[in-house]
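*Asks:* Using the hints provided, position chain Y relative to the given structure of chain Z.
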Amino acid sequence: MKEFNSPIGPYLKYKNSSAKMQINLLIALFPIIIFAFYKNGIIPYLHGTTSFMGMFYPLLFIITPAIACVVAEVIYAKLFLKEEYKTTKDFLKASHGYIPGIFLGLILPINTPISIVILGAFIASIIGKMLFGGFGNNIFNPALVGALFILTAYSLVITNNGGYLNSYELDTIAGATPLTNASNMIEVGSYETLVEPYGNLWDFFLGTIPGAVGETSSLLCLLGFIFLTITRTIKWKISVVYVLTVFVMSSFVGNLNGLGTWFSLFHIFSGGLMFGAVFMATDPVTSPTTPVGQVLYGLFLGILTVLLRFLTPYPEGVLTSILTMNMLIFIIDKIGAKARFTFQSAVMPFLVVWAFVAVVGAMIGNKYQNVDLNPDVDPHYYIVNQTEVLDKVTYVVTQKGYSGAIKGEIVIEKGKVLSMVILEINDDFYPNIESANYIDKLLNEQDSLESVDTISGTTYTSSGLKKMLINTLKDYEVNYGE
Amino acid sequence: MNGVRLPKRKKLSTNKNIYVYNKPKIVYIPLISSNDENITILVKKDDYVFKGSVVGRRKGNYKMPIHSSVSGRVMGFEEHTYLHGEKVKCVVIENDFKEKMENRVTPRTAINKFTKEEFVEKLLNHGVIGQGGGGFPTYAKFNSDKKITTLIINAVECEPYITADFMLFKEKCEEILEAIDAIVEINNIDEAIIATKKSNYTLNKLLMNFLGTYLKIKLLNVPNLYPMGWERALIKEVTGVEYDKLPIEKGIVVINSSTAHSIYEALKLDKPVIERVVTFTGEMLKEPQNVLVKVGTPVSEVIESIGGYKRNKEIVFVAGGPMMGTALPTDDLVVSPNMNCILVLKEIKTVTRTECLRCGKCVKVCPVKLSPVLIRDSLNNIDDLDSYNADRCIECGLCSYICPAKINIRQAVKIGKKKLSERG
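Chains as they are written, first to last, in my numbering: chain Z, 400 to 881; chain Y, 16 to 439.
The following block holds chain Z by itself, in its conformation from the complex (with noise of 0.2 Å):
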């Protein structure tokens, strides 16, 4: 008789592993870490308006938090689980600690000082894992806790440094984002309007526009999705799902504002969906496990990330819905473990949700519907009010600026503008308007405003303050002109 050890069945075992799992992540990540390199890197210093050593440092702002994960995880492993792990080694092969961090990096602004990004990577990797307990526990994507922390506490000081635009096109696009583009906007917004700065949908989809450093191009999320779909990585139907949802949904106020399919690939395209819904929300651990789990939190996320994206002077949708949604997996499991049995009990849910798109993609549509879309009106050009007192009329108008609207006060007497007063504007250059009195220069040649130039390093405010003085001019001529 002889005496073996007896380990626990089966004893056969696939081959994959959550370690490979992760190399599959970093291969799909691979491509896109090049691009941001591309784009913000090499494409800057071939123009001139970065060093040499400047064109790396696209890489050192993914490297870094990635780096600053790994610390943090280390120095709280050692202070607070001193038993759970023996070794630092063994933590680190199965923490996985630098993926949150490479996110991190990927889904940040450019202009973030690298400070900042260092802190971030801590927030994300103690307050959004290692606090619910490591790999594995977490509620939140701790990415994502991150950059939510970045984006809210140093949204201002981000916005100085210019935002999500990197040197490039600091100098060529002068503007923000297409999202925050489009919700400066007071109606839907044109092909003209909303694509054209940038270029064309084949921009978009390839991802030379404006955004985070890595998650512009759509092309090779779209690439790495099917990378690891083959490899049987993520959880396909979430990304599929989500991606749907925003489509169909914009296309409801795409076609009820008589725009053609590019309004919908406009919203697939930009705002990082592609990247959120390929790589940020198949986050196995902060996802559904159920197969009608995942397709039900791909279409709450899609209908959350319109709803955003429309309603809510917060064009990035994605990362607060991913964020959001991250709460009610515990819930949406239980709908998925039970519609295993009897689909029956995910029907409910099913319809509501669809009914739900249909609606709000409805309602939002029509919101946009009563525009006028006159084409000689400027259609960044509001009238918030006007008052007429003897022969002064009194003029409250909005005209978009830099970013979001400048609102201005402007009184006119018989043809005459008297006075030009700013009431709002959202510019940290404007001090520079200030001083060069460019308020005064346009009244002084309020006959020949075409005439006046801008004031460069804030062209869009400056020539925003010359369109808003314009286009009231012209509406007083209408109404009050002889």
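What the hints contain is simulated information worked out from the structure, not anything from laboratory work.
You can take every hint at face value.
Estimated spans, in silico, between C-beta atoms of each pair:
| # | chain 1 | residue 1 | chain 2 | residue 2 | range |
| --- | --- | --- | --- | --- | --- |
| 1 | Y | Ser-214 | Z | Ser-405 | 26 to 34 Å |
| 2 | Y | Lys-213 | Z | Phe-755 | 43 to 51 Å |
| 3 | Y | Pro-22 | Z | Ser-405 | 18 to 26 Å |
| 4 | Y | Lys-384 | Z | Ser-405 | 24 to 32 Å |
| 5 | Y | Lys-213 | Z | Ile-441 | 52 to 60 Å |
| 6 | Y | Lys-384 | Z | Thr-571 | 51 to 59 Å |
| 7 | Z | Asn-404 | Y | Arg-123 | 45 to 53 Å |
| 8 | Y | Gly-75 | Z | Ser-405 | 27 to 35 Å |
| 9 | Z | Asn-404 | Y | Pro-22 | 21 to 29 Å |
| 10 | Y | Lys-233 | Z | Asn-404 | 42 to 50 Å |
With the Cβ distance kept under 8 Å, some of the chain Y side facing chain Z (calculated, not the full set):
| # | residue |
| --- | --- |
| 11 | Pro-344 |
| 12 | Glu-362 |
| 13 | Glu-370 |
| 14 | Ser-386 |
| 15 | Leu-389 |
| 16 | Ser-402 |
| 17 | Ala-420 |
Yeah, the Cβ is synthetic: ideal placement off N, Cα and C, and Gly gets one too.
*Replies:* Below, chain Y alone, put in the same frame as chain Z:
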């Protein structure tokens, strides 16, 4: 059905013909039937028993007899390890090598002339049980007033490594077909379907040669997926029918191909189930092969007679197949009628187990549509376990097999299942 293509590893044990090992000095007949140890013992120390004598009978609903596999003197009672890994009381009989039977009958020429009642009685008296591993009394499947329309012969043997059914079918093809034909005629069954794996070319080719003679017997290939041999999955695949508790509700009976051979021997020779083919296989056996052994033979003795282990340490000794089997701490195991495989594998020491990724692969792969990861999360919440239907688990082991974090998730589901059954 959800299923997975597993590595086959069947070639290891199909090179040699079935080896007969029928000379154990002492046999230990386990007093257990279908995992039920409520047995009336019918012999006492120093009794002389014949080969085929009844030494015990199950209490309760199914009065299944337990037979002696040798003739000789009862030496007493001892506890030995049974297939499920726990010790079971056994009758110890010293073999006198005379192979004496109480009343030897000459082989019958025709075995299809019995009435249904006689048929059922024969299956009962000769202790025919499901040889695939379940060990359910076969007579009970036929003992029903409901008309049987379809008989499915399960020759799928979907678990890797195991080849006992295949080798027996290959060597005793004519006998098995004769038995199927007899069962069909006796029970007035419309058709019999032999289900084999698509990839089992040898068996499919062999059956093609014979099937022309039997009009009511058909051959049907099923995909090479695990667990295709599971009764519910097989019926769904073959007939498209789903049932609630037992397949007889829909007029379907499934028997294993080796069980069909036991039926043949019971009808033709009045021979009870006292021996069976067991696959002795695995990378750590010197000469893996199928062996015809008497019930009650110590497994260690058989392994020695076929060449023994390749090495004596760092091996895992599994009773049963690689998926459903249990690793045992010793090889003090005795052959029972429902044992189909002994597997000896290398011990893998460096399994890196990580935290659950929540990748959902176990959910996707489960043939019963459970959500193993969620069951594992809610082991302390009995209501959740109930709503997740943890009791439906068939313990096929696919969730543990597929898990990239190498978590023994089936063990967790089994615990959940146990908790539910304890609550009632």
